[in-house]
Amino acid sequence: MTQSVVVQVGQCGNQVGCRFWDLALREHAHVNKTGVYDDALSSFFRNVDSRKSDGGACGFGGRIQHLKARAVLVDMEEGVVNEILQGPLSEVFDSTQLLTDVSGSGNNWAVGHMSYGSVYREQIVDKLRKAAEHCDCLQCFFLIHSMGGGTGSGLGTRVLSLLEEEFPEVCRIVTSVYPSPEDDVITSPYNSVLAMKELSEHADCVIPVENQSLVDIVNKIKHMSDGGKPGLTIRKDSSIISGQGGLRGAEKPFDAMNNIVANLLLNITSSARFEGSLNMDLNEIAMNLVPFPRLHYLVPSLTPLYTLADVSVPTRRLDQMFSDAFSKDHQLLRANPKHSLYLACALMVRGNVQVSDLRRNIERLRPSLPFVSWNQEGWKTGLCSVPPVGHSHSLLALANNTCVKSTFLDLKERFTKLYRKKAHLHHYLHVEGMEQSCFSEAITSLSSLIEEYHHLDATKGKLIPDAPRLSIAR
Amino acid sequence: MSVVTVQLGQCGNQVGHELFDVVCGDAHDGQRRSYCSVSRERFFHQTERGDLVARAVLIDMEPKVIKHSMNKAANSGRWTYGDDAHFSQKQGSGNNWANGFCVHGPRHEAALEELVRRQVERCDRLSGLMAMMSVAGGTGSGVGTYVTQCLRDTFPKSFIVNQLTWPYGTGEVIVQNYNSVLTLAHLYGLSDAILVHENDTVHGICARLLNLKHISFGDVNRVIAHQLGAVLQPALTTDSHGLYSRNPLGELASALVCHPEYKLLSMSTVPQMPSASIAYSTFSWPGPLRHLRQMLVSNSKMEEGIDWQVRLPAASERSRSLTGGGRGGGRGGGGAAAAAIFNRSLANLLILRGKDVYSAETGGFEDPALFTSWLSPRDAFSLWKSPVPFNKYEKSATLVSNSQALLRPLDDMSLHPPVR
Numbered sequence: 001m002t003q004s005v006v007v008q009v010g011q012c013g014n015q016v017g018c019r020f021w022d023l024a025l026r027e028h029a030h031v032n033k034t035g036v037y038d039d040a041l042s043s044f045f046r047n048v049d050s051r052k053s054d055g056g057a058c059g060f061g062g063r064i065q066h067l068k069a070r071a072v073l074v075d076m077e078e079g080v081v082n083e084i085l086q087g088p089l090s091e092v093f094d095s096t097q098l099l100t101d102v103s104g105s106g107n108n109w110a111v112g113h114m115s116y117g118s119v120y121r122e123q124i125v126d127k128l129r130k131a132a133e134h135c136d137c138l139q140c141f142f143l144i145h146s147m148g149g150g151t152g153s154g155l156g157t158r159v160l161s162l163l164e165e166e167f168p169e170v171c172r173i174v175t176s177v178y179p180s181p182e183d184d185v186i187t188s189p190y191n192s193v194l195a196m197k198e199l200s201e202h203a204d205c206v207i208p209v210e211n212q213s214l215v216d217i218v219n220k221i222k223h224m225s226d227g228g229k230p231g232l233t234i235r236k237d238s239s240i241i242s243g244q245g246g247l248r249g250a251e252k253p254f255d256a257m258n259n260i261v262a263n264l265l266l267n268i269t270s271s272a273r274f275e276g277s278l279n280m281d282l283n284e285i286a287m288n289l290v291p292f293p294r295l296h297y298l299v300p301s302l303t304p305l306y307t308l309a310d311v312s313v314p315t316r317r318l319d320q321m322f323s324d325a326f327s328k329d330h331q332l333l334r335a336n337p338k339h340s341l342y343l344a345c346a347l348m349v350r351g352n353v354q355v356s357d358l359r360r361n362i363e364r365l366r367p368s369l370p371f372v373s374w375n376q377e378g379w380k381t382g383l384c385s386v387p388p389v390g391h392s393h394s395l396l397a398l399a400n401n402t403c404v405k406s407t408f409l410d411l412k413e414r415f416t417k418l419y420r421k422k423a424h425l426h427h428y429l430h431v432e433g434m435e436q437s438c439f440s441e442a443i444t445s446l447s448s449l450i451e452e453y454h455h456l457d458a459t460k461g462k463l464i465p466d467a468p469r470l471s472i473a474r
Numbered sequence: 001m002s003v004v005t006v007q008l009g010q011c012g013n014q015v016g017h018e019l020f021d022v023v024c025g026d027a028h029d030g031q032r033r034s035y036c037s038v039s040r041e042r043f044f045h046q047t048e049r050g051d052l053v054a055r056a057v058l059i060d061m062e063p064k065v066i067k068h069s070m071n072k073a074a075n076s077g078r079w080t081y082g083d084d085a086h087f088s089q090k091q092g093s094g095n096n097w098a099n100g101f102c103v104h105g106p107r108h109e110a111a112l113e114e115l116v117r118r119q120v121e122r123c124d125r126l127s128g129l130m131a132m133m134s135v136a137g138g139t140g141s142g143v144g145t146y147v148t149q150c151l152r153d154t155f156p157k158s159f160i161v162n163q164l165t166w167p168y169g170t171g172e173v174i175v176q177n178y179n180s181v182l183t184l185a186h187l188y189g190l191s192d193a194i195l196v197h198e199n200d201t202v203h204g205i206c207a208r209l210l211n212l213k214h215i216s217f218g219d220v221n222r223v224i225a226h227q228l229g230a231v232l233q234p235a236l237t238t239d240s241h242g243l244y245s246r247n248p249l250g251e252l253a254s255a256l257v258c259h260p261e262y263k264l265l266s267m268s269t270v271p272q273m274p275s276a277s278i279a280y281s282t283f284s285w286p287g288p289l290r291h292l293r294q295m296l297v298s299n300s301k302m303e304e305g306i307d308w309q310v311r312l313p314a315a316s317e318r319s320r321s322l323t324g325g326g327r328g329g330g331r332g333g334g335g336a337a338a339a340a341i342f343n344r345s346l347a348n349l350l351i352l353r354g355k356d357v358y359s360a361e362t363g364g365f366e367d368p369a370l371f372t373s374w375l376s377p378r379d380a381f382s383l384w385k386s387p388v389p390f391n392k393y394e395k396s397a398t399l400v401s402n403s404q405a406l407l408r409p410l411d412d413m414s415l416h417p418p419v420r
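Here the protein sequences line up with chains A and B, keeping their order. First residue of the first sequence: 1, per the working numbering; consecutive thereafter. First residue of the second sequence: 1, per the working numbering; consecutive thereafter.
You may find that some hints are simply not true.
[Stated by the list, open to error] Pairs of lysine-lysine, BS3-like flavour, derived with a Cα cap of 30 Å:
| hint | chain 1 | residue 1 | chain 2 | residue 2 |
| --- | --- | --- | --- | --- |
| 1 | B | Lys301 | B | Lys355 |
| 2 | A | Lys412 | A | Lys328 |
| 3 | A | Lys222 | A | Lys338 |
| 4 | A | Lys33 | B | Lys67 |
| 5 | B | Lys90 | B | Lys67 |
| 6 | A | Lys127 | B | Lys90 |
| 7 | A | Lys33 | B | Lys392 |
| 8 | B | Lys157 | B | Lys385 |
| 9 | A | Lys130 | B | Lys90 |
| 10 | A | Lys197 | A | Lys328 |
| 11 | A | Lys33 | B | Lys72 |
It is worth saying that the hints were derived from the structure and are not from the lab.
Throw the hints in and build the complete structure from the sequences for me.
See below:
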């Protein structure tokens with residue numbers, strides 16, 4: 001069984017991360033009834049007996065003494081991390097896993113990436129190495145951050161390149177929260193584009209998530225639970241925005257949205273942690289879904305959003321769950337994949353779903369989904385027998401789809417609007433190590449990425465001529 | 001006369017587990033003693049206490065599936081896997097054939113060979129080795145190919161048969177075609193015979209013949225296991241002179257693989273029906289055998305929807321070319337439309353199990369028109385019999401065929417995606 005380490009950077013990263021750990025504990029508590037520290041738990045938690053003198057790590061099979069998260073928390077201001085340490089999750093982290101500073105990055109990518117990046121480089125590498133050493137077999141780093149701010153975006157991408165340098169064989173899966181157009185940070189386009197270049201070069205795959213989509217989903221669920229049809233109430237712990245059953249008592253703002261991202265991470269790793277009839281490991285995600293190294297942006301969608309509390313109401317048919325996964329409303333990015341070209345698609349199913357249901361739905365939905373000509377059967381499927389808390393089955397769809405192009409185009413446009421006027425540039429250029437060329441390289445990288453997607457889009461419906469084959473020298 | 005099975009990857013381990021379950025159950029049902037003892041000797045090692053331990057090695061690059069299979073076997077109460085007969089690592093092959101073949105295989109070669117050697121040494125007489133794997137994933141395909149290579153090096157004189165499971169055509173793993181083509185290319189030089197099961201076909205059997213509403217991988221694996229069991233359980237062959245054959249894999253290979261370029265074998269079984277219907281059905285030989293023959297001729301994978309229009313080509317078209325027209329069936333250039341989709345066989349093996357096997361009329365399978373012109377039906381057709389009913393059917397027949405049936409799936413596989 002392999003282990004994964006979660007690296008959470010910046011305010012957004014840490015808040016999402018906090019929800020992740022809460023929900024992870026809830027899920028394992030739900031599944032693990034015996035209190036024995038098993039393989040599944042070890043993928044994200046260490047078992048520590050503080051009474052032991054050597055630092056206390058316990059192996060498998062023993063009773064759970066004290067669970068410590070395999071995490072590294074980084075933030076350049078103390079507020080968020082302190083809050084975590086004062087809350088019910090304080091036991092799960094210890095001080096060696098934290099890295100904080102006082103003044104924050106001022107929404108400035110350059111401050112995060114260049115200044116703090118160099119100052120804290122040694123410490124970051126040290127903490128990462130410690131986390132890695134606690135792992136028997138480290139498979140993956142999950143990086144959680146936002147793109148619009150300064151720390152998450154700047155320092156987060158610096159951490160990403162450090163991960164590639166120090167641990168080149170370990171997979172890097174990045175969950176990035178992209179800013180919405182109405183974002184309150186004015187320099188978010190600069191920060192996002194500068195970060196995009198790093199993501200394209202150093203990440204194995206990126207799961208982009210957009211705040212606006214999360215808000216829409218939250219509203220949809222709240223509408224359903226408040227104003228919906230009489231007699232139809234939602235099971236409180238089942239909706240993907242709920243943290244019910246976790247450690248944290250009162251719900252805070254942004255919790256609902258962050259719970260969605262946390263659920264996303266839990267579902268991705270479910271097949272690696274729990275057993276099933278068709279397992280899908282983390283290294284299979286990049287292997288199957290990334291046809292060309294730079295095109296590694298996977299659009300996620302999670303269904304169902306909730307289950308109804310009243311068990312006598314017939315459960316929504318399984319097929320509806322599959323259809324929903326491809327509908328615009330369930331995507332965590334504001335995009336409509338059905339109208340763009342699919343390069344590859346992964347369906348990770350949890351719970352009481354059989355292979356016949358899966359095949360039937362794939363055959364049913366396939367004709368309406370445009371796939372690229374060289375990958376007409378481009379499905380990767382995984383079946384995990386353990387359902388998430390509160391559901392009997394669930395589906396996570398990860399699509400490598402050209403619809404991300406519109407998100408990137410949006411970003412490029414907002415960047416160009418500011419850059420043309422050189423607005424706010426001086427804050428960046430004042431930082432040691434930052435030059436104008438960084439900006440131009442970043443926007444070039446983004447443009448070429450958009451161009452690659454555009455190129456593929458143009459082939460939609462047509463057969464691409466084959467690349468010339470190698471001829472054998474005679 | 002013992003067969004050592006090597007189960008590779010998730011699919012290999014799951015199907016292998018079902019196979020041992022099936023053969024253990026079959027030999028258990030108070031059948032004739034000689035049948036039971038041959039079957040037991042073939043697949044299990046008996047400890048001093050009389051417990052049955054499967055002659056199997058379980059290999060996977062991640063531990064979950066092996067743990068699951070071993071627990072299930074232990075809980076069955078009838079047989080178990082050997083405690084030390086398994087090998088797993090922490091991290092899987094990531095659906096990457098190269099990872100399996102070039103990294104994991106060589107790295108663990110010594111350990112894997114040791115495990116197989118231990119099982120082989122426990123056999124009084126080794127009849128052969130069977131490697132079970134899927135071709136779509138990373139471990140089954142990559143490590144499986146490497147292990148087959150090691151087996152061939154270590155046991156050059158033994159029969160090695162590979163049982164392959166092909167993935168669903170509509171995609172199970174995106175890079176499945178790469179993994180499959182790489183596997184088949186290597187196995188062709190290493191294996192003595194390659195038994196192929198396609199997920200699509202077996203799924204169809206579950207849905208249309210067995211009438212299962214919700215088909216799980218367990219159901220699919222059980223159908224595959226029953227087909228394999230029908231082939232590998234004891235049978236009386238022409239060479240065995242009235243006793244159950246001691247050399248199933250060897251006789252299988254020599255009966256069917258008449259040319260080293262043609263090793264892919266497909267299987268069909270009749271009848272297949274929901275267990276609830278068995279009590280109400282009567283079984284006789286002529287009907288099922290006729291169906292089976294037409295299934296072969298029309299390349300139909302199951303007993304439903306058989307195309308009875310397809311007929312054997314007339315004598316004049318047969319001698320046209322060696323392979324009978326290459327792709328797409330016996331198209332002898334301007335032949336009749338019916339001959340265009342006729343499935344020409346190189347060799348066929350028919351296995352009959354159940355009551356009145358000696359009175360079954362199998363002349364239809366010896367028709368020279370079924371085969372190529374360079375093998376006489378006497379050499380191309382083999383018949384095995386067993387008076388013991390198998391799998392609850394009073395009479396059942398299995399046809400293992402070396403024919404053009406697997407051409408379409410092979411074509412599909414090698415066309416997508418185009419290799420640069």
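Against the structure, the hints:
1. Restraint check for Lys301(B) and Lys355(B): satisfied, since their Cα atoms lie roughly 25 Å apart, inside the 30 Å limit.
2. For the given pair, Lys412(A) sits about 23 Å from Lys328(A) by alpha-carbon distance, which is consistent with the 30 Å threshold.
3. As the CA atoms of Lys222(A) and Lys338(A) are separated by approximately 26 Å, the hinted pair is consistent with the 30 Å bound.
4. A C-alpha spacing of about 19 Å is found between Lys33(A) and Lys67(B), which places the hinted pair at or below 30 Å, so the restraint holds.
5. With a CA separation close to 12 Å, the supplied pair Lys90(B) and Lys67(B) stays within the 30 Å bound.
6. Of the pairs offered as hints, the one joining Lys127(A) and Lys90(B) holds, with about 24 Å between alpha carbons and a cut-off of 30 Å not exceeded.
7. Between Lys33(A) and Lys392(B) the alpha-carbon distance is near 40 Å, which puts this suggested pair outside the 30 Å criterion.
8. This hinted pair checks out: Lys157(B) and Lys385(B) have alpha carbons roughly 27 Å apart, not beyond 30 Å.
9. For the suggested pair Lys130(A) and Lys90(B), the alpha carbons sit about 20 Å apart, so the restraint of at most 30 Å is met.
10. A threshold of 30 Å between alpha carbons decides the hint, and for Lys197(A) with Lys328(A) the separation of about 27 Å falls inside it, so the pair holds.
11. Of the supplied pair hints, the one linking Lys33(A) and Lys72(B) holds, its CA atoms being roughly 20 Å apart against a limit of 30 Å.
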